[in-house]
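In full-length UniProt numbering, the protein residues as written are 1 to 124.
Keep in mind that the hints are not guaranteed to be accurate.
Okay, derived cross-link-like pairs now, BS3-like style, lysine-lysine, Cα gap no bigger than 30 angstroms in a straight line [what the hints assert, rightly or not]:
1. Lys50 / Lys60
2. Lys16 / Lys88
3. Lys60 / Lys16
4. Lys87 / Lys50
5. Lys87 / Lys16
Using C-beta positions, here's what the derived DEER-type ranges look like [as the list claims (entries may be wrong)]:
6. Glu115 / Cys37: 29 to 35 angstroms
7. Glu104 / Glu33: 30 to 36 angstroms
8. Ala2 / Gly84: 31 to 37 angstroms
9. Gly86 / Lys60: 36 to 42 angstroms
10. Gly86 / Arg59: 34 to 40 angstroms
11. Lys81 / Arg20: 24 to 30 angstroms
12. Glu113 / Met61: 33 to 39 angstroms
13. Phe122 / Gly17: 16 to 22 angstroms
14. Lys81 / Lys50: 37 to 43 angstroms
15. Gln53 / Thr83: 33 to 39 angstroms
16. Ile117 / Arg45: 25 to 31 angstroms
17. Tyr47 / Thr83: 31 to 37 angstroms
18. Phe122 / Cys73: 23 to 29 angstroms
Rather than coming from a laboratory, the hints here were simulated on the basis of the structure. Ideal Cβ positions, reconstructed from N, Cα and C, are used throughout, including at glycine.
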Amino acid sequence: MASFFADSYALIEILKGNERYIPYINGNLVTTEFNICEVTFAVCRDYPDKTRQVMARVRKMVTLLSTTDGDYCEGAAMRRKTTGAGKKLSTIDCVGYAVSRRQEIPFLTGDREFEDIEDVEFVR
Numbered sequence: 001m002a003s004f005f006a007d008s009y010a011l012i013e014i015l016k017g018n019e020r021y022i023p024y025i026n027g028n029l030v031t032t033e034f035n036i037c038e039v040t041f042a043v044c045r046d047y048p049d050k051t052r053q054v055m056a057r058v059r060k061m062v063t064l065l066s067t068t069d070g071d072y073c074e075g076a077a078m079r080r081k082t083t084g085a086g087k088k089l090s091t092i093d094c095v096g097y098a099v100s101r102r103q104e105i106p107f108l109t110g111d112r113e114f115e116d117i118e119d120v121e122f123v124r
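The whole structure should be built from the sequences, with the hints applied where relevant.
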């Protein structure tokens, strides 16, 4: 069973039922609390009466990974470097990418800013 780091974009697309993400649902999806926080904001906005139920479903489909100071440093460096190159990546996305690299698993996203970055499983 393949493992992927699911960023907030990927988790939201899975919740929306995007068929392109179906192959990943049965894999081992991992994420961080930061991504859960971002997803919760989107769920609260789109499904205010069902936020708790939907988030319980999200938590069942992922394994949460802890972040380290090294992840924060790598994420901050990535954001600084990519911002200088004209990309608009969030700090949370960069930290998640650092976690995926540390775990040696692909970073699953549909965020266009990640389309040409190494070790990214890009799905729209």
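Hint by hint, here is what the structure shows:
no.	hint	verdict
1	Lys50 / Lys60	16 angstroms, holds
2	Lys16 / Lys88	24 angstroms, holds
3	Lys60 / Lys16	16 angstroms, holds
4	Lys87 / Lys50	34 angstroms, violated
5	Lys87 / Lys16	26 angstroms, holds
6	Glu115 / Cys37: 29 to 35 angstroms	24 angstroms, violated
7	Glu104 / Glu33: 30 to 36 angstroms	21 angstroms, violated
8	Ala2 / Gly84: 31 to 37 angstroms	33 angstroms, holds
9	Gly86 / Lys60: 36 to 42 angstroms	38 angstroms, holds
10	Gly86 / Arg59: 34 to 40 angstroms	35 angstroms, holds
11	Lys81 / Arg20: 24 to 30 angstroms	29 angstroms, holds
12	Glu113 / Met61: 33 to 39 angstroms	24 angstroms, violated
13	Phe122 / Gly17: 16 to 22 angstroms	19 angstroms, holds
14	Lys81 / Lys50: 37 to 43 angstroms	39 angstroms, holds
15	Gln53 / Thr83: 33 to 39 angstroms	37 angstroms, holds
16	Ile117 / Arg45: 25 to 31 angstroms	27 angstroms, holds
17	Tyr47 / Thr83: 31 to 37 angstroms	32 angstroms, holds
18	Phe122 / Cys73: 23 to 29 angstroms	25 angstroms, holds
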